[in-house]
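Asks: Going line by line, the protein sequences match chains A and B.
One rule links them: number in my numbering = place in the first sequence (from 1) + 57.
One rule links them: number in my numbering = place in the second sequence (from 1) + 1251.
Please keep in mind that the hints were generated in silico from the structure rather than gathered at the bench.
Do not rely on the hints blindly, as some may be mistaken.
Here are some, though not all, of the chain A residues that point toward chain B, as calculated from beta-carbon distances under 8 Å [to be verified]:
(1) A177
(2) L279
(3) L281
(4) R287
(5) S374
None of the values given here were measured: they were computed from a predicted structure.
For every residue, glycine included, the Cβ atom is placed at its ideal position computed from N, Cα and C.
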Amino acid sequence: MNEQGNRGTLGDRSPSAPSDEFELVQDENTLSMATAVTLRNPATLLPRTVAATTEGPLVRRLLTGIAVLFLGLFLLLPLTMVFASALAKGFTVYVESLREPDAWAAIRLTLLAAAMAVPANVVFGVAAAWAIGKFDFFGKSLLITLIDLPFAVSPVVSGLIYVLLFGLQGILGPWLAAHDIKIIFAVPGIVLATIFVTFPFVARELIPLIQAQGNEEEEAALTLGASGWRTFFHVTLPNIKWGLLYGVILCNARAMGEFGAVSVVSGHIRGRTNTMPLHIEILYNEYQFVPAFAVASLLALLALLTLFVKSLIEWRSKQQVAS
Amino acid sequence: MSIEAVGITKRFGAFSALDNVDLTIPSGELVALLGPSGSGKTTLLRIIAGLEFADSGTVRFDGSDITDQSARERRVGFVFQHYALFRHMTVFENIAFGLRVRPRKLRPAKNEIERRVKGLLSLIQLENLAHRYPAQLSGGQRQRVALARALAVEPSVLLLDEPFGALDAKVRLELRRWLRQLHDEIHITSVFVTHDQEEALEVADRVVVMNQGQIEQVGSPDEVYNYPATPFVYRFLGNVNLFHGRIDEGQTYLHDAVSPERATSHIGSKTVYVRPHWLEIRRQPDHENHFRATIKHINSAGPVVKVEAVSEWGSPVHIELSQDRFRDLQLTRNEAVFVTPKEVKVFDGDPAA
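All chains should be modelled from the sequences, with the hints used to inform the complete structure.
Replies: Put into structure tokens, the structure is as follows:
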């Protein structure tokens, strides 16, 4: 009985082999039919690999072409011109123009202004973003508007504000003169003006970030017994570090490149109150093209470096999010 | 450690989150704060934790007043709905955080911290994920890490804010059974907030039902489910049918249609509550104790069969019956049947619906 049963199942299985072959043949049939259809109208059977929002090739090439042309004409060409003009009379002349005492003083002053403005900005920016992002208080929207003020007003006006405040004819001028404190037409004025125009960078970068992250991690740290400082340095700061760095980079670039506000308060005293942008203008007005472009090339290099570091930070923070 | 909250009141602008709430939680119990959103349950939990401060009232741990202590001083373990893990720290660092931030005198030695974190990792069954970052974990794993992190500081009480709220149904079920087991092992006084009655009834030793900033009832799952103190508790803890009814000479009448000859008397007009499984469908009338209904919809997928019907006076009625009973009856849609209430609930002082 058992043997018969086994044979029965074996016998059942054997017809399945021909049926497989039959299916294969059928597959071939459907395939050939499909190719026939494809030949007649290839577009209907090809899978659409492009997104639904994409335009046709002509429009795409035209738009891309315009963008590339514009970039080349208005950005790449001037940038190369800066370096070409700076090196027009050879590398030695280029280096000499930078080592000239007034140029060197301008470079140092620019670095000093940035070195003062950036830390001031970091402290203020983090404090403001923390307060705005984590708490609700009266006058919050006013504070946000005030932070944006330096972006809204012309830098020349920003400079004038300081002249009106600290200048000889200004409100605090006589008192400052009596105590022999010089702010306008001196280094402190330049630093103050730089701080003013770079005010929003770090705060603007951090406010949306801190708002998005909410309070829970800080609350968790608190219930685990961490002090306020500890919570800030070990929980809050690591979470905002990429945004903070990004803000610092942008702030630094603006601090070094600022012209308008600094120009008003500087007084243009060579070797003493000239920053790099101001120095470039003076040289250019005196038809000293090679030295002017040499200093300008330094600023341009700095801009390129800034962009590179910015991209690096964006890439790193994206990786952080992905992990 | 026992928790005592006395006369807690908290307002957010014009909204009254908690209104003179008194609650005592005995040492070692696992208590659920159950209520709909806006009932004040999370606010009460945060006030116990010291993350929020009451406008008035006192919080005591083991009898000592801690109302003015900060969250830092209270030594509570707090677990957040969205985990709130430190995203830039590994699982290990997250759990060790509470020990590492202690002042130097109270901080355990490095190898002691490591030993304790490893112990907790094995407790949450995540030993081999110690060096992962929170973003690399699933929701259930993250919540277990959050729990381990809270337990690492050996808190006096454990407070959990909707701990399973952000998880999908299956993980939630597993994790709440696991929490129950964990509590049976370590017996730490625990309070968790939930809006899921099933979760509260299954996990907790004691359920605190809250509504509109007040406590409606405190009791064991059996007590609050079977002996609800208020209509709200009855309605919140399960599906329910509401009928207009009357009480007359100790008898409850559903709607006037049941006994038309007595409809003139409206003295005992009441809302009558009946759970869907206390309604029985019959083909034959059951003396006076029944009403007529027409079946409108049948859902037989699941352990019980859910029937939607319309009563003879036109209101919808939800009925639940067992699969066996459903098979015996062979019900079809639009069929007229008799419905017999086997148990009803009427509350004193509750006006008619």
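Asks: Work down the list of hints and note, for each, if the structure agrees.
Replies: Evaluation of the provided hints:
A least Cβ separation of about 27 Å between A177(A) and chain B goes past the 8 Å threshold, and the interface hint is therefore violated. Annotation: L279(A) was flagged as interfacial toward chain B, and the flag holds, the nearest CB pair being 5 Å apart, inside 8 Å. Proximity of L281(A) to chain B holds as hinted, the smallest CB-CB distance being about 4 Å (cut-off 8 Å). Checking R287(A) against chain B: minimum C-beta separation of about 5 Å stays under 8 Å; hint holds.
At about 12 Å, the closest approach between the beta carbon of S374(A) and any beta carbon in chain B exceeds 8 Å, and the interface hint on this residue is violated.
When the structure is compared with the earlier hints, violations turn up for hints 1, 5 and for no others.
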